[in-house]
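**Q** Below, each chain spelled out in residue letters.
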Amino acid sequence: MSAAPGPVRHKGRGPAVSGWVAPRGRALGGRSFALHRITGIALVIYLYVHLGVLSMLLIGESAWGDFLSVVTAKGFLAFDVVLIFGLLFHALNGIRVALVGSGYLVRHQRALFWVATAIGTPLLVYAAIHVFGGA
Amino acid sequence: MRAWRWTVGSGVALVVLAAVHMVAQHFVVDEAGGMRTYQQVLDYIANPIIFVIECGFLFAVAIHAMLGLRGILLDLDPGPRGRRWIDPGLWVLGTVTVAYGLVLLTTLALRA
Numbered sequence: 001m002s003a004a005p006g007p008v009r010h011k012g013r014g015p016a017v018s019g020w021v022a023p024r025g026r027a028l029g030g031r032s033f034a035l036h037r038i039t040g041i042a043l044v045i046y047l048y049v050h051l052g053v054l055s056m057l058l059i060g061e062s063a064w065g066d067f068l069s070v071v072t073a074k075g076f077l078a079f080d081v082v083l084i085f086g087l088l089f090h091a092l093n094g095i096r097v098a099l100v101g102s103g104y105l106v107r108h109q110r111a112l113f114w115v116a117t118a119i120g121t122p123l124l125v126y127a128a129i130h131v132f133g134g135a
Numbered sequence: 136m137r138a139w140r141w142t143v144g145s146g147v148a149l150v151v152l153a154a155v156h157m158v159a160q161h162f163v164v165d166e167a168g169g170m171r172t173y174q175q176v177l178d179y180i181a182n183p184i185i186f187v188i189e190c191g192f193l194f195a196v197a198i199h200a201m202l203g204l205r206g207i208l209l210d211l212d213p214g215p216r217g218r219r220w221i222d223p224g225l226w227v228l229g230t231v232t233v234a235y236g237l238v239l240l241t242t243l244a245l246r247a
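Chains A and B, in that order, are what the protein sequence lines are. With the first letter of the first sequence counted as 1, position 84 gets the number 84 in this note's numbering; the numbers rise by one all the way through. Each number in this note's numbering corresponds to the 1-based position in the second sequence with 135 added.
You may find that some hints are simply not true.
One-sided excerpt, in silico: chain B residues whose CB lies under 8 angstroms from chain A [said to hold, decoys possible]:
#, residue
1, G146
2, G169
3, I207
4, L243
5, L245
Chain B is nowhere near these chain A residues, computed Cβ spacing over 10 angstroms in every case [as the list claims (entries may be wrong)]:
#, residue
6, L28
7, V49
8, S55
9, G101
10, V106
11, H108
12, L112
13, V115
14, A127
Simulated from the structure, these hints should not be mistaken for lab results. Please read these numbers as outputs of a predicted model, since none were measured by experiment. Glycine included, each C-beta is placed from N, C-alpha and C at the ideal position.
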């Protein structure tokens with residue numbers, strides 16, 4: 001085992017937020033770290049949008065019906081696919097980070113990324129086809 | 136180290152619970168976009184097993200989200216004064232989130 005179990009520790013500032021979206025000169029791990037944080041923040045924002053939207057259910061049947069007519073429009077369903085991409089990436093990359101951060105398969109972290117990609121891509125394609133009514 | 140363990144633990148729970156939530160809520164219903172109608176939502180939430188699963192999902196997602204925000208905020212190096220507010224602030228936000236979710240779930244389950 002080449003690394004102690006647990007998260008990477010360092011003193012002082014972590015990577016600047018402005019650097020999260022700058023892909024140049026970054027290794028695969030750095031890019032997936034940035035995308036993990038971006039999808040994480042997006043999912044937290046979505047959590048509160050989701051909880052807010054579900055309050056329509058408290059208002060009643062007609063409010064929920066009106067909401068459904070908006071979110072089931074074809075244009076809006078594209079957002080669902082983006083959301084599912086965010087969920088899949090965060091979940092699969094999160095498993096990779098948990099394994100590597102806990103000291104497992106540290107030397108295979110690049111391979112784990114591609115395994116996660118191989119699992120996530122067909123799931124995303126299936127979900128997109130299903131969302132648009134094809135499966 | 137304790138925050139790391141809780142992040143990983145809640146993350147592992149979420150992989151299972153989010154998968155159940157997504158499939159059950161959005162992939163088994165024939166309605167447009169896989170969305171349940173009002174009555175279908177009430178009937179679904181009123182199932183005691185589903186109610187417990189959704190409550191577990193709510194707790195896991197709130198814990199994981201707060202710990203994720205905590206990690207990002209600490210990485211931004213907010214200074215000693217800022218650091219003092221992070222944990223209490225996230226405890227309040229997480230507690231409000233879980234409380235609102237439980238009110239929502241319970242109200243809907245009782246309406247069925």
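**Q** Next, verify each hint and record whether it holds.
**A** How the hints compare with the structure:
Hint status for G146/B: holds, given a least beta-carbon distance of 5 angstroms to chain A, under 8 angstroms. The beta carbon of G169/B is positioned within 8 angstroms of a beta carbon in chain A (closest approach about 7 angstroms), and the interface hint is therefore held. Because the closest C-beta pair between I207/B and chain A is about 6 angstroms apart, less than 8 angstroms, the hint holds. For L243/B, the interface hint holds, since its Cβ comes within 8 angstroms of a Cβ in chain A; the closest pair sits about 6 angstroms apart.
Against a cut-off of 8 angstroms between C-beta atoms, the interface hint on L245/B is violated, since the closest Cβ of chain A lies about 12 angstroms away. Every CB of chain B is more than 10 angstroms from the CB of L28/A (nearest about 20 angstroms), matching its label as outside the interface. For V49/A, the requirement that its beta carbon stay farther than 10 angstroms from each beta carbon of chain B is met, with the minimum near 13 angstroms. At roughly 7 angstroms from the closest C-beta of chain B, the C-beta of S55/A falls inside 10 angstroms, breaking its exclusion from the interface.
Non-interface status of G101/A relative to chain B is broken: a Cβ of that chain comes within 10 angstroms, the nearest being about 7 angstroms off. Separation of V106/A from chain B is adequate, the least Cβ-Cβ distance of about 15 angstroms exceeding the 10 angstroms criterion. In this structure H108/A is separated from chain B by more than 10 angstroms, as the shortest Cβ-Cβ distance comes to about 18 angstroms. In this structure L112/A is separated from chain B by more than 10 angstroms, as the shortest Cβ-Cβ distance comes to about 15 angstroms.
With a cut of 10 angstroms on Cβ distances, V115/A stays outside the contact zone with chain B, its closest approach being about 15 angstroms. The beta carbon of A127/A is not kept farther than 10 angstroms from every beta carbon of chain B, the shortest such distance being approximately 8 angstroms.
In this structure, the earlier hints numbered 5, 8, 9 and 14 are contradicted, and the remaining ones agree with it.
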